[in-house]
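Residue numbers (numbering that gives the first Met the number 0), protein chains in the order written: chain A, 0 to 844; chain B, 0 to 291.
Derived by calculation from the structure, the hints in this document are not laboratory data.
Treat the hints with care, since some could be wrong.
Computed spacing ranges between beta-carbons, pair by pair [as the list claims (entries may be wrong)]:
# : chain 1 : residue 1 : chain 2 : residue 2 : range
1 : A       : Ala396    : B       : Asp174    : 52 to 60 Å
2 : B       : Ala131    : A       : Ala120    : 54 to 62 Å
3 : A       : Glu770    : B       : Gln70     : 31 to 39 Å
4 : A       : Ser225    : B       : Pro111    : 46 to 54 Å
5 : A       : Asp737    : B       : Ala280    : 50 to 58 Å
6 : A       : Leu400    : B       : Glu81     : 48 to 56 Å
7 : A       : Glu633    : B       : Pro125    : 48 to 56 Å
8 : A       : Gln694    : B       : Ala280    : 38 to 46 Å
Chain B residues, not near chain A, derived (Cβ > 10 Å throughout) [what the hints assert, rightly or not]:
#  : residue
9  : Ser29
10 : Pro85
11 : Thr153
Note that CB positions come from ideal geometry on N, CA and C, so glycine has one too.
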Amino acid sequence: MESIRGLSSSPEQAYDELVTGQKSIRYHWQGILSVIRALPGDGLSERVESARRQLEESGATLNLLDNGRQTDRGKASWTFDPLPFVITPDEWGVLEAGLVQRAALLDAVLGDLYGPQTLLAERLVPPMLVHANRHFLRACRVTDARPPGRYLSQYAVDLVRLSNGQWHVLADHTEVPSGAGFALEIRRVLARSLPEAFRAIPVRHVRSFVDRWHNALAALAPTGVSNPNMAVLTPGSLSATYFEHVYLSRALGVSLVEGGDLVTRDGEVLIKTLAGLRPVHMLLRRLDSSFADPLELRADSALGVTGLVEATRTAKIAVANALGSGLVQTPALMPFLYAISKHLLGQPLRLPSLDVWWLGEPSAKAYVLANLDAMIVRPCLGPDREPIVVGMLEDEARHRLQQRIEANPGHFVAQYPVSPSLNPKWDGAQLVPSAVVLRCFLISDGQGWRVLPGGLAREPAGNTALSQLGRLNGTLKDVWVLAEDAADVQVPANRRFHQVEVDRGSADLQSRVADNLYWLGRYVERLDDNARLLRLTVTRVAQGVIGVREGVELRLLGKLIARAGLMPSQAALATPESAAFQAGLAAVASDRGGLATVLEAIQRLTGTLRDRFSPDMMITVGPLLNEVRSGLREAGGNFDPLLAALDDIVRFVSTLSGLASENMTRGTGWLFLDLGRRIERAQFVLRAALGPLQQSPIDWDAAMRLALELCDSSITYRWRYLGQLQPAPVLDLVVLDDSNPRAFAFQMRSIASHLDRLAQASGTKVPNLLEQLEAELAHAVSMFGGEEKSRRHEEQALDALRRIASSGQHRLEELSEAITRAWFSHVPAAQAVGSMAAMAAMAAG
Amino acid sequence: MHYLLSHRTTYSYANSVDSAHHIAHLRARSFPGQTVTSIGLTAQPEPSMATQHVDHFGNLIDILRIDQPHQRFDIEVRAAIEVRFPVPPPADQTPAWEEIARALDGNGFPKPIEASEFVHDSPLVPIDAALAAYGARSFTPGRPILEAARELTTRIKADFEYHPGATDISTPLHDVFAGKAGVCQDFAHVMIAALRAHGLASSYVSGYIRTVHSAEEVALRGADASHAWVAVWCGERAGWVHLDPTNDLVAHEDHVAVAWGRDFSDVSPLRGVILGGDSHAYSVAVTLVPTG
Numbered sequence: 000m001e002s003i004r005g006l007s008s009s010p011e012q013a014y015d016e017l018v019t020g021q022k023s024i025r026y027h028w029q030g031i032l033s034v035i036r037a038l039p040g041d042g043l044s045e046r047v048e049s050a051r052r053q054l055e056e057s058g059a060t061l062n063l064l065d066n067g068r069q070t071d072r073g074k075a076s077w078t079f080d081p082l083p084f085v086i087t088p089d090e091w092g093v094l095e096a097g098l099v100q101r102a103a104l105l106d107a108v109l110g111d112l113y114g115p116q117t118l119l120a121e122r123l124v125p126p127m128l129v130h131a132n133r134h135f136l137r138a139c140r141v142t143d144a145r146p147p148g149r150y151l152s153q154y155a156v157d158l159v160r161l162s163n164g165q166w167h168v169l170a171d172h173t174e175v176p177s178g179a180g181f182a183l184e185i186r187r188v189l190a191r192s193l194p195e196a197f198r199a200i201p202v203r204h205v206r207s208f209v210d211r212w213h214n215a216l217a218a219l220a221p222t223g224v225s226n227p228n229m230a231v232l233t234p235g236s237l238s239a240t241y242f243e244h245v246y247l248s249r250a251l252g253v254s255l256v257e258g259g260d261l262v263t264r265d266g267e268v269l270i271k272t273l274a275g276l277r278p279v280h281m282l283l284r285r286l287d288s289s290f291a292d293p294l295e296l297r298a299d300s301a302l303g304v305t306g307l308v309e310a311t312r313t314a315k316i317a318v319a320n321a322l323g324s325g326l327v328q329t330p331a332l333m334p335f336l337y338a339i340s341k342h343l344l345g346q347p348l349r350l351p352s353l354d355v356w357w358l359g360e361p362s363a364k365a366y367v368l369a370n371l372d373a374m375i376v377r378p379c380l381g382p383d384r385e386p387i388v389v390g391m392l393e394d395e396a397r398h399r400l401q402q403r404i405e406a407n408p409g410h411f412v413a414q415y416p417v418s419p420s421l422n423p424k425w426d427g428a429q430l431v432p433s434a435v436v437l438r439c440f441l442i443s444d445g446q447g448w449r450v451l452p453g454g455l456a457r458e459p460a461g462n463t464a465l466s467q468l469g470r471l472n473g474t475l476k477d478v479w480v481l482a483e484d485a486a487d488v489q490v491p492a493n494r495r496f497h498q499v500e501v502d503r504g505s506a507d508l509q510s511r512v513a514d515n516l517y518w519l520g521r522y523v524e525r526l527d528d529n530a531r532l533l534r535l536t537v538t539r540v541a542q543g544v545i546g547v548r549e550g551v552e553l554r555l556l557g558k559l560i561a562r563a564g565l566m567p568s569q570a571a572l573a574t575p576e577s578a579a580f581q582a583g584l585a586a587v588a589s590d591r592g593g594l595a596t597v598l599e600a601i602q603r604l605t606g607t608l609r610d611r612f613s614p615d616m617m618i619t620v621g622p623l624l625n626e627v628r629s630g631l632r633e634a635g636g637n638f639d640p641l642l643a644a645l646d647d648i649v650r651f652v653s654t655l656s657g658l659a660s661e662n663m664t665r666g667t668g669w670l671f672l673d674l675g676r677r678i679e680r681a682q683f684v685l686r687a688a689l690g691p692l693q694q695s696p697i698d699w700d701a702a703m704r705l706a707l708e709l710c711d712s713s714i715t716y717r718w719r720y721l722g723q724l725q726p727a728p729v730l731d732l733v734v735l736d737d738s739n740p741r742a743f744a745f746q747m748r749s750i751a752s753h754l755d756r757l758a759q760a761s762g763t764k765v766p767n768l769l770e771q772l773e774a775e776l777a778h779a780v781s782m783f784g785g786e787e788k789s790r791r792h793e794e795q796a797l798d799a800l801r802r803i804a805s806s807g808q809h810r811l812e813e814l815s816e817a818i819t820r821a822w823f824s825h826v827p828a829a830q831a832v833g834s835m836a837a838m839a840a841m842a843a844g
Numbered sequence: 000m001h002y003l004l005s006h007r008t009t010y011s012y013a014n015s016v017d018s019a020h021h022i023a024h025l026r027a028r029s030f031p032g033q034t035v036t037s038i039g040l041t042a043q044p045e046p047s048m049a050t051q052h053v054d055h056f057g058n059l060i061d062i063l064r065i066d067q068p069h070q071r072f073d074i075e076v077r078a079a080i081e082v083r084f085p086v087p088p089p090a091d092q093t094p095a096w097e098e099i100a101r102a103l104d105g106n107g108f109p110k111p112i113e114a115s116e117f118v119h120d121s122p123l124v125p126i127d128a129a130l131a132a133y134g135a136r137s138f139t140p141g142r143p144i145l146e147a148a149r150e151l152t153t154r155i156k157a158d159f160e161y162h163p164g165a166t167d168i169s170t171p172l173h174d175v176f177a178g179k180a181g182v183c184q185d186f187a188h189v190m191i192a193a194l195r196a197h198g199l200a201s202s203y204v205s206g207y208i209r210t211v212h213s214a215e216e217v218a219l220r221g222a223d224a225s226h227a228w229v230a231v232w233c234g235e236r237a238g239w240v241h242l243d244p245t246n247d248l249v250a251h252e253d254h255v256a257v258a259w260g261r262d263f264s265d266v267s268p269l270r271g272v273i274l275g276g277d278s279h280a281y282s283v284a285v286t287l288v289p290t291g
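Let's have the full structure, built from the sequences with the hints guiding it.
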């Protein structure tokens, strides 16, 4: 194959993963290469295309519903490469032993530094690496409390192979070791797009690792808890690795919670659910420690759980990794690990780190300053960890760096640039060599450490392999650990089964999730209502010549538009030809307009609910939402494209409704989603059907037509009454007919039934404030149907309608508040006292 | 000197607070120079959980949780304390400050380790060039450490205006220094920054200072307030010397220490997270009565 020959151009010093010094293909690469050669059709390109699409759809590469800055939205954070990193069983065995030792060592170092600190007294760790380290959380070193059983239970590590073929540690990740979810997802996708390879080559499976992880986490739970309730603690959907948080919670079969979902009581940590507070025993922490508790850690954190630190001291909750575990990931510790290993483990360190100089030692500083131009300098104790490639600095910047080092040498480490080994990569046409950093993952169940037989291989972005170590960027690929023989491949899953009670999870729904689903329902309906309203308006305006009939309708529509807050009243009520009206219409479609606000809310809520929806739903919703938004933006105020965009919105809503109705179990989650829709629609019907009719009878014809159209009931009406427009039958159809899903009565039936079912599931009853409303409405409608059509009669009927419309709106609002009180706000929002301003006077000596 | 102390803090809330967590650094600790003979802490409403710990610095902390709805929270500590800070050796006989700084650096392995923790910048006391220059005027080459530190104390008292309300705890130290006004914790932070800029170890001490000197003055009860000053590491022989830049004093019998840390944020007397309550007001009443 032509393309493979290109590899001989690899840099002289770097180790070549594919080709030996004698220019022959290494034995363990021959299998994969022959599979690639034998691919039919377009070969690898086709498979890459399919894999990338799958990763995009699952949200691994692309944040489908990213709320981030406009420029970042929709941009892939990394690219997928199909060529795996392949590693032989022998080599893996050596690496594995080194990794297990290092994990145990770092755990022991944490135990010492948060405990007796013998490493400081024995001069094995410079005290500054603890005292000036931002990851040293003093609140987690309360000297009289029980220390956590263990600090590390998950550990990720970045490795590079140097030119001599030896593996070296580039970085340790102990605070929030991320990436395992991406590794598992990349394997799933690659196995689907390149199945031939997995049939032909004995690659060790990674799936059983997840089962082991579940067991390992359960084993960490406090003693005496037989069936621990576990959860992944995430900072929320704005986190860069939120995909992984969702992925892990699904793969491990545990809930995904945010700090706001949790409270502490009597040393216990509890999840706020519909049914009240439920204990949780084990948190897989993906939230930075310093944000985990506003009481004892960062007081400005809105992401944490008040009292979490104290709860960990009582050992009724296990947090993995323990709070403060980031302390040992500073590269400044690396040069000291050799001696520490002998001291704490009584063993020499098996797996070397890259040579790192900690500048707090005068000899190291002198050496580094003498060779500064050839080195990479990194801050090692504060929040800023980005490497500085000294050789690339301007004179002045270099001088400033030197000053910073002289002023605070202990805050820096330095090292030489590394040439990671070269692994083949698919550039779209051929295989090319590219630098590779290997990330491995380990978990512990308290008995021992296990290494994921696989991992993530990464071609780093940026000008050094040390850039942005905390993020996953650049090119990511699968890691294949080859098995001795095919029999090794099938590792039986050994998830430790305990008696799990059948539970449909109805009352377990987190209050926050219920809240978000309810509002998603409301916003989706609001979007539909607004789009229909605007569509009717634009259709009439677009006709060009506006007749008397359209004029009346437009006046009524203008009022509804103004009431919905889509345009300022002045513009909405102006004549359609006027500049004010045209400008208003253009503004509605703009990024700041009323529709965009609703679309944004939907985008935000679906983002936070990512873990509640099936992948199919997310795959459909994300791109559609983006299309709708860009359609609107492009339309501006032009009628034809605007109409098309509004049609798209209506279609988008019906797609979403279809997906929800066919893919969601009718559990409490769905009830809240639908409750939101019904309440919002009930409000809309009251406005759209009754609003225009409240005008003078002269406008009634127009009002009736609009009521039917806005409630999507024109066809039914024509079919039932052959087009004879009269108030009583129109109102009957859009208000009283509970077989019409657009009618007010239908909303009321659904609301009543949902409230009943939620009361049963949660044990909390919300009184149905709408019960009287239906009888009142029926009476008012009957007044229109009277035989004698006197002026007085009509006045009375109108009066009744106005009263009902306004009290109905009021009662719907009250109901919404009652729902919020009953199910969403178990605990009101927290605020800090005494931490800032109050203290000034308090300690005013 | 023996004292009876009462320190009462009250929070009043505009609306009912559903539940509250508080963490208090209110129990005075014992150490050479101070003996706490009895101490008790009470809170209203009755906490549903109350635990005590010894923190990283050896201070005593109380963590309280109140579950019942309340519109007012009272917490009071009462203590009997005997104070006699050791008299430091004559200032001119203390080691040169560079010698202390060298030991605290120790080429990465400082001595003593415990003191070296107080050399680094901390949340409320960042490294600041202006403050380093301010300190440098006292820390001239070869000068005995206590002599220089004592002079710094005097200069701060002279250069800064005591002005409650000029700052609050969120005012950055740099602005405090530029404004040359503040309250005791500002002066303590200024002094700490100037010392640390020279590689010296200094800690923030929270506590009280005697303001009444006889039984007749008891009318002033409750008018006292919390106080804060600085402890400076002066070498093995002199140890930590407590200096009060607000009053230009060496602590001896008039100061009662509660807790120490790197700066105010490590030892704030009382802070909490409440649910509900809307706005809140607080009041503090301290009475420190000498009993001979």
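Of the hints stated earlier, which fail here?
-> 1, 2, 8
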